[in-house]
Amino acid sequence: MHHLEIRNISSSYGKLEVLRDVTLSADKGEVVSLIGPSGSGKSTLLRVLIGLTPPTGGNVYIGGNKVDYNSRKSLKDLRGHMAIVFQQYNLFQNMNVLRNVTIAPVKIKKKPREEAEVRARGLLQKVGMEEKADAYPDELSGGQQQRVAIARALATSPEILLLDEVTSALDPERVKEVLDTIRSLTHEGITLIIVSHEMAFVREVSTRVAMMDQGKIVEVGPPEQIFRSPVESRTRDFVSKILSH
Amino acid sequence: MNYTFQFAAVLEELPYLLGGAVVTLQIAFASFWGGAVIGLFGALAKVYGGVVARRIAAGYVTLLTNTPALVQIFLLYYALPDAGILLEPMTAVLIGLVLNAGAYLTEILRAGVLSVRRSEIEAAATLGMSQLQIVRYVMLPHIAKTIYAPLSNFFVWLVLGSSLAALFGVEELTGRAINISTANLRSIETFTIVAAIYIVLTVIASASLALVGRWAFRVKAKVF
Amino acid sequence: MFERLVTEAPLFFNYHNMVFIGQAMARTLGMTLIGCGVGFVFGMLIAVVRQTTSSLLWPVRLVVISYVEFFRRIPFLVILFIVLFVIEPLMPGTSLFGIATVSVCLLSTAFLSEIIRSGLESVPRAQVETAQILNFNVLQTLMMVVLPQSWRVILPPAAAFIVMFIKDTSLASQLGVIELTFAGKMLINRGFSPILGFGAILVCYFALSYPLSRFAAYLERRLAPS
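Residue numbers (this note's numbering), protein chains in the order written: chain D, 1 to 245; chain Y, 1 to 224; chain A, 1 to 226.
Derived from the structure by calculation, the hints contain no laboratory data.
Warning: the hint list may mix true and false statements.
Listed next, the stretches of chain A that the computed footprint assigns to chain Y, with coverage defined by at least 3 CB atoms under 8 Å from CB atoms of chain Y [as the list claims (entries may be wrong)]: (1) 74-84; (2) 184-193; (3) 209-215.
Chain Y stretches covered by chain A per the calculated footprint, using a threshold of three residues with CB under 8 Å from any CB of chain A [said to hold, decoys possible]: (4) 65-76; (5) 155-161; (6) 167-177; (7) 184-195.
Anything over 10 Å on all C-beta distances counts as not near chain A; from chain D, calculated [claimed, not checked]: (8) N70; (9) N96; (10) V175; (11) G189; (12) Q225; (13) V231.
In this text, a Cβ means the ideal position worked out from N, Cα and C, and glycines have one as well.
With the sequences and hints as input, model every part of the structure.
Given below as structure tokens:
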């Protein structure tokens, strides 16, 4: 069994089926990217995985254990293993950078504050934000906030990190700094599930790429296959349209 | 406790109470429209007036909104006879409520006038709109949207606030409740029913104001 | 009229009357502060209950929503009478001040819960979701994330609301609580001119309300979300 197994997950919003029978897996340390047109269900899949949107069918297994999305305890356990970074960063506006990164370890995992702060400063250094530890989110640029959000997610020591269009809200010149940060995570044994429109980046860092369309996974394969010789015509159309830009 | 509720005696008086509700609405309407006239002048004075007009309007609003209407009316009712002016209770109450409403409506209308953006007026003028058209198509829609919800809430507030008229012997809803309860000694039942009438009255007022707002100004006013 | 004022003024502004008015002012302030303090605590509870989505809690939500909607639609005077007539036979010894304060609590709970609710709702949903994902429980989310971000929306109208309540407590004079308004009536019954009596009372109300109004306006400017 793979580290992360998604089996036949479905989800609907009212009558609209947003996800249909999605099956996907990832081994430990793998980087799996989800590509596809907007509205194809990529972000919804991440929201389902982290337990923000309830699935209407199917199962998710982490390390061989089934996740019960209706159980508070199971969700809590899941979120101890899995973290997410959003397009809109969502830093706590009432806390400074350091506090944003230490709040979960100190208040939720009950780690000693000193230890948590040392580790937080290490993570902030890793994302290049150690000098802004005392700044508040509204004093930072989008790219800086996003790097702090990544540090905050890493502070919970996740085995699986979900990245939901983390560069989409950024100015073009800020995209690189965030992508560099993510690139530095790809060899640390963390399983990354990436939703992104940065095709060059996806192609470079992914071990596998999944093409989604209309709530379904159309094709999964190594980046070379998806970008150079896709089997499905929908993948071919999407990739050629995106790359011609 | 072995108190037995007896609503029958109160329900017999329902027509009398509903008559009081009509008086309550009349007081609320009169105060609202009287206050609206003062409020309009007050708001215009505050936004467009010179220093003196602005000061007077500001002083009026500050004095009235920081003291209780009840005591203001007491002052009118008991002090004016010293100066040779005798007021009917209803007149004193109406003057007091109109002056109060005027102060609050000055602030509400001022916010409305301020909601009009100069840039939009300029844009309308460059399109060749006449003064009247600018008022009709550019200014009024903004003003209506900004003030409609606060105006509706304020009207409901006046319906409730007019109950102080009872303390001067005016026979509106609360006044008639006092009359009944002193006669039948069923105070809890009487005031429970009167509370229910107030709830119904204000829900109807809010709902119809919300409907009118949606229809006339496309304002999404909430009933609750 | 003026002659009467001039001759009465020295008699009116004596030590005894000033202490009397001061005590009345303390009662007005006491009713308001206790009422709004209690109202804030219960209003907070109601606002939090209304944020819940669990289907098990819907009867509780229905009760608190009805409470808020009913009490916001009954005149304070009528609430005063109902509380008086309910409490008197149940607890015969209760002071009039107590009865009036309970009435203030009942009404302020309803109004403050609405103010607090709009404050809680002003915090973006994503902030709450993020807290969930970091495994915050409901109380932690409220205390660490939602409340610290909603003060700026709650405080200005809450301060303006307290001003409204200082004024509404004048209706408690009808029960015979010796607060400012009733003190004014008593002074007039002792023979002082209404202008002097009620004028002094109006000045006292103004002294209580005006600083708070200014503070509310200051908060509004200062805390307005940019």
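Results for each hint:
With 8 residues carrying a beta carbon less than 8 Å from a beta carbon of chain Y, the segment 74-84 of chain A meets the three-residue requirement, and the given coverage holds. Given as covered by chain Y, the segment 184-193 of chain A passes the check, having 4 residues with a CB less than 8 Å from a CB of that chain where 3 are the minimum. A stretch counts as covered by a chain when three or more of its residues have a beta carbon under 8 Å from one of that chain; for the segment 209-215 of chain A and chain Y the count is 3, and the coverage holds. Counting residues of the segment 65-76 of chain Y whose CB lies closer than 8 Å to any CB of chain A gives 10, so the stated coverage by that chain holds, three being the minimum.
Given a C-beta distance limit of less than 8 Å, the hint that chain A covers the segment 155-161 of chain Y holds, as 3 residues qualify and 3 suffice. Counting residues of the segment 167-177 of chain Y whose CB falls under 8 Å from any CB of chain A gives 3; the rule of at least 3 is met. Closer than 8 Å: that is the beta-carbon criterion, and the segment 184-195 of chain Y has 6 residues meeting it against chain A, so the requirement of 3 holds. Every Cβ of chain A is farther than 10 Å from the Cβ of N70 (chain D); the closest lies at roughly 13 Å, confirming the non-interface assignment.
Interface exclusion of N96 (chain D) from chain A stands, the closest Cβ pair being 12 Å apart, more than 10 Å. The non-interface label for V175 (chain D) is consistent with chain A: the shortest C-beta to C-beta separation is roughly 21 Å, beyond 10 Å. Distance to chain A confirms G189 (chain D) as a non-interface residue, since its nearest Cβ pair spans about 21 Å, more than 10 Å. Every CB of chain A lies more than 10 Å from the CB of Q225 (chain D), the least distance being 33 Å, so the non-interface label holds.
Distance check on V231 (chain D): its Cβ is at least 35 Å (rounded) from any Cβ of chain A, clearing the 10 Å threshold; non-interface status holds.
In terms of the numbered hints stated before, the structure departs from none.
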